[in-house]
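Engineer: Read off the chains here:
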Amino acid sequence: MIAKGKNASELFPAVVKNVASKNIEIKKLVYVYLMRYAEEQQDLALLSISTFQRALKDPNQLIRASALRVLSSIRVPIIVPIMMLAIKEASSDLSPYVRKNAAHAIQKLYSLDPEQKEMLIEVIEKLLKDRSTLVAGSVVMAFEEVCPDRIDLIHKNYRKLCNLLVDVEEWGQVVIIHMLTRYARTQFISPWKADEVVDEYNENNFYESDEEQKEKDQKLKSTYTMDPDHRLLLRNTKPLLQSRNAAVVMAVAQLYWHLAPKSEAGIVSKSLVRLLRSNREVQYIVLQNIATMSIQRKGMFEPFLKSFYVRSTDPTMIKILKLEILTNLANEANISTLLREFQTYVKSQDKQFAAATIQAIGRCATNITEVTDTCLNGLVCLLSNRDEIVVAESVVVIKKLLQTQPAHHGEIIKHMAKLLDNITVPVARASILWLIGEYCERVPKIAPDVLRKTAKSFTNEDDLVKLQILNLSAKLYLTNSKQTKLLTQYVLNLGKYDQSYDIRDRTRFIRQLIVPNEKSGALSKYAKKIFLAQKPAPLLESPFKDRDHFQLGTLSHTLNSQAIGYLELSDWPEVAPDASVRNVDVVESAKEWTGILGKPKKEKPTEKFYSESEEEEDESTSTSSSGKCLDLHCLENWSESDSESEKEDKEEGSTDETSGSSSPSEESTDSDSDSKENTAKKTSRAANESDSEDIKKKAEGISKKRSTSSSSDTESSSSEESSSGSKSESDSKSDSEPGKPRSATSTKKEEKTVQDRKTPNKQDVFLLDLDDFCPVTTPVTVPTAAVLSPSLTADLEGLNLSSSSVIDVTSQVSVPTKTYELLHRMSGKGLAAHYHFSRQPGLFCDHMVPVQVTVTNTTDQKIDNIHIEGKKLPPGMRIHEFNPIECLEPGGSTTVTMGIDFCDSTQTASFQLCTKDDHFNVSIQPPVGELLLPVTMSEKDFKKEQGMLTGMNETSATIAVAPQNSTRLVIIERVMKAANLGVVSSGQDNIHRFAAKTVHSGSLMLVTVELKESSTAQLVINTEKTVIGSVLLRELKPVLSQG
Amino acid sequence: MIHSLFLINCSGDIFLEKHWNSVVSQSVCDYFFEAQEKAIDVENVPPVISTPHHYLISIYRDKIFFVSVIQTEVPPLFVIEFLHRVADTFQDYFGECSETAIKDNVVIVYELLEEMLDNGFPLATESNILKELIKPPTILRSVVNSITGSSNVGDTLPTGQLSNIPWRRAGVKYTNNEAYFDVIEEIDAIIDKSGSTVFAEIQGVIDSCIKLSGMPDLSLSFMNPRLLDDVSFHPCIRFKRWESERVLSFIPPDGNFRLISYRVSSQNLVAIPVYVKHMISFKENSSSGRFDVTIGPKQNMGKTVEGVVMTVHMPKAVLNMSLTATQGSYTFDPVTKVLTWDVGKITPQKLPNLKGIVNLQSGAPKPEENPSLNIQFKIQQLAISGLKVNRLDMYGEKYKPFKGVKYITKAGKFQVRT
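Line order of the protein sequences matches chains D and X.
Reading the first sequence from the start, the letters are residues 1 to 1043 in the working numbering.
Reading the second sequence from the start, the letters are residues 1 to 418 in the working numbering.
Bound-form chain D, shown alone (with noise of 0.2 angstroms):
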């Protein structure tokens, strides 16, 4: 009965009683009901308030949403502080779901009560910080009905909603993306302004990585530099331009046509040609933006002239559409072809087509003028059409065309002077006669005919005509009043009883003008010059021309009207306002700074904290335990700095050959807490310093950034007693030097250490140097347990818990190396080798994993010049070989490390293994664990991240888990073992969590086992790589379940 719009009303109180009941279906139709008859039934509908407050409670989150939404959608105006108390309530509520619901039911109290809307607007607040991909969508919606001018709750939120766009569901998306849309048009400056110098870089560095881009950006940035965030906009919705839903393709063209340079602008017109694919509705919208765009910035669709080409089975308004856009898009070029097209369209049945057609072709012709005469030929021969419609579309068309250039068309003056019998629409006939009128000098003989003509039909003939056969009688009595005298007499004397008012205005206008009687004034004299003026032709003009001030995609583009709560697109602000409003706090901040950074290969901003804290912590071990190291042959640098010792670490598995490479920054064991609480906090706020630094001299480069890390370093090192002065030194040297490459060789850091063994001054300069330049490399991996001593690692587990930063110093259990076999002796003629992996970071460059190889002589002989050769290597994939081996005694054996890029993939890698007289075909798979390089995070950042790798980067499964290996020791041990991963330390005894990345690009990788009851575990991974997630986790399976 609603359905049919009857009213049902009386039927209220019966209906409402069924409120409780405990069909899920009868409510719901109660529902239905209730919102529909509440406003006028107030007082019954209040007796079922109660029952949405007792739901609002309700255990099942689905009761708890549709009670609220319900509760919001009864307009009675009582019960307003209960719905804003309900929606509070939701809106911190646990349940995603309910919260959507709470950000909808804002909308509806907003409606109901524009009062309220300061508390509104702080539960907006506090729902826009809301990371769950489901509020964001409906949170944005009721900031825009509420408060679309607030823009200073976006400023904190405005990153976080960038990177979750994708994520959102596509409703969301669409508006999320007007909002942005004027949100960035009223933050950053225009990219028009320089785009003339920007056009040729932007285009080819699109697609370049963004390190790249930022150096190009600092030697732009004379002229314009476009704000990281506006650089993230864009990048962010570019994907969105393959959605399946049209709004959503829309949505991000028309923010590219209003916030991309123009260069880049141009990739939206695929996207939008596409749409033309679907419903009549769709493309009628989509058409008409194009229509807008066309105008302004030809180019964009030129290269689609022919998506554009008309069917005869369009709709109408459809055919008139393209028409419009192929008239936009004419131009020297392609203009034969058009007209050619043109010419087909011309004799469509369609006749309010065709004659759209005929202005079009008018328009093309005033516009290039190559072709004014071609078009004017083929308008001619229409007029000898046997449809009038477009015969009297041809005249106006000719007429308008005529005027611009009336030099030498006598002749087809005549020719539609004849055809003025036979015409009959007005505006035709109009045109005509003004034309005759305008040229009567030309066309002597005629003229005064057709006027004698009309004169006679004067009567007959619409208004229009009728003020022209003044016009034309007026003008020829002043140029030939001898044959016409009578004529024009009779004209105006009829003229003069008209019925229609502005006719007889007109008359006696005339007839006092051209007449010359006693009383008329010096205006007489003029009357000539007044009539046979020269006329600017006029402009043939798109319709389109004048929407482009509408924001494109919107209603009142649409309509070409300014739509109720139409919000103006601002201009560009003249200088930005500043960009750190939209910085969050510390780990906030860092994150989205990784995230505009794509894919961070150097500094993650959780080992850039630790590398920091690091530093700290050294110095102040530097005076305590170093003995452990005892192999280490470079004991006399040693008590300088223990950083240093790190890079020597490094260097020793490069040119050692054994394994036994330890880094002893974690031998931080008696450092007191409370100096490492303080410089915790120091460090953190450093980090934070320099991060916000960060986000706004993004463009300058690492190296200002690099300067500002370490000088905050200086400060905080100094309130210690470590050793100041030649820190401030090294920094001042670092600041100097801050451009080397990273990725430098193995040999040239030999080269180096061998310089700073030298000069140990020099050094501290140097050790400084590649920690800034390598933080990757700081991590606390121990690669042979045996060094540490279980003490020392209870004790960091210790430190762990004591230190309430983010800082995380992470121990890692023992790795005990599985060995494979890469050759056997057998088929090796006595030459065996075997590999495993050492998992030390970043001994040849980033990107590499390292592998240990081991290679044993079991012949009776010496085996000479052991190295490698014949790569076959799947492409990206590389190899950094290790030193050839001079020579192998006879049973003797030796280790070398080697270094091989996978390119994330588990493919094998395949060399020969050479020796003087023999090769050997060796190939290398690594396990997928091997491919990760642990990372060192809190249980908050974590979580964090984890946020971020949801959906479809997320792979998960439940195990079964041996009932000895649910101890927290176990556990880890065992994943430690199956992969390479960093521990994070958990607050919850039945979750672990690990961290990674993936060596070749970078990509976070994180695995949480969740231990559950009846010895099952859940067992996730987040990651971009999700092939890779996925394999980890089937080879995790099997570890964890294993008794």
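Don't read these hints as lab results, they were simulated from the structure.
The model shown is predicted, which means the values in this text are computed figures rather than measured ones.
Among the clues, some could well be false.
Stated by the list, open to error - Calculated pairs, DSSO-like style, for lysine-lysine (alpha carbon to alpha carbon, straight line, at most 27 angstroms):
| no. | chain 1 | residue 1 | chain 2 | residue 2 |
| --- | --- | --- | --- | --- |
| 1 | D | K418 | D | K456 |
| 2 | D | K347 | X | K355 |
| 3 | D | K306 | X | K410 |
| 4 | X | K131 | X | K63 |
| 5 | X | K211 | X | K240 |
| 6 | X | K406 | X | K378 |
| 7 | X | K413 | D | K351 |
| 8 | D | K1012 | D | K943 |
| 9 | X | K398 | D | K1012 |
| 10 | D | K1037 | X | K400 |
| 11 | D | K270 | X | K410 |
| 12 | X | K283 | D | K347 |
| 13 | D | K456 | D | K485 |
| 14 | D | K270 | X | K413 |
| 15 | X | K240 | X | K403 |
| 16 | X | K337 | X | K316 |
| 17 | X | K413 | D | K306 |
| 18 | D | K156 | D | K129 |
| 19 | D | K347 | X | K366 |
Position chain X against the provided structure of chain D, taking the given hints into account.
Structural biologist: This is chain X only, laid out in the frame that chain D set:
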């Protein structure tokens, strides 16, 4: 946003209305009727109409107008896209989107609309979710329901609603695990009088029918992905994988859905599989004309062209046609002036021909223009662009699914001007 929705049939009756906010009187539709009258043809009703207090945005689907009432600024495509989604959902639920189907299932329609929009903002539009919320009607279920008193409405929140994979429902189970992909390509072309191609391009879609248990993670790769010029994806596809590796990687929704639609770049020359010889002429000053059309195959890569149908919108002056077809049958509707010739399969040995006389209204002027011929055809087992699916891999589940790929080439908007 969307304030109200009216469903109007072709004769102008409002047979369903739904309001999400306060009630808007039916009289709003008068503006729509006015526009409809002005447009004469239903196709020409403008999608956006402005009235003094509201804006009407309408779509026309399956002889029903979906008219939505808008009060404030909103992207019109947003509304149009949503209305189409509503129509799709009805189609999905009731098998057809007709007036009778909607009237028969008015309760379900109401529940659906209630779920799809909240206060005018789309809530759940994914058919997998809706089906969990409100179960589609089947005969069996209605019998069971009337006996047991259970309802069509699910009482738990669909998990998809909350997860980040809103398109897939949880706990899918099949005994036979199957995944089928139909690669359907349509040729859009305009051929001019002399038989040369004015414009041609290939529009393709891959429709999938996936019946796999659990949460399979599929990746589909092509032999020649570079062919695809412009692609639009179902939301399930991971864009990054496509960008970097040109592989479609996705966790599929359950059931039938459109995986991607694509356009093959127009630089590649499109092979037109048929040619048409035509001779249509109307004699001056006499009430008859000649009509002679032959269709033949051309470069069809050894495949037969089937399902050939030609439709011609004859000029208004045509009264009747007396033709003979060497193959198939033809009909001419004197009211709409549409000539349909159902040819069927084309055999190269004997080309189908339709020939005869056109009777014109006496006294009426000779038609200006020859009508253009719309051709439909189908070629099985061929994707005209040459696109080939390379392989389908499944991760995340243990069983081995049955996989199938089918190629079809069809005529899209294929028009021959005469």
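Engineer: Find the hints from earlier in the document that the structure breaks and name them by number, from lowest to highest.
Structural biologist: none
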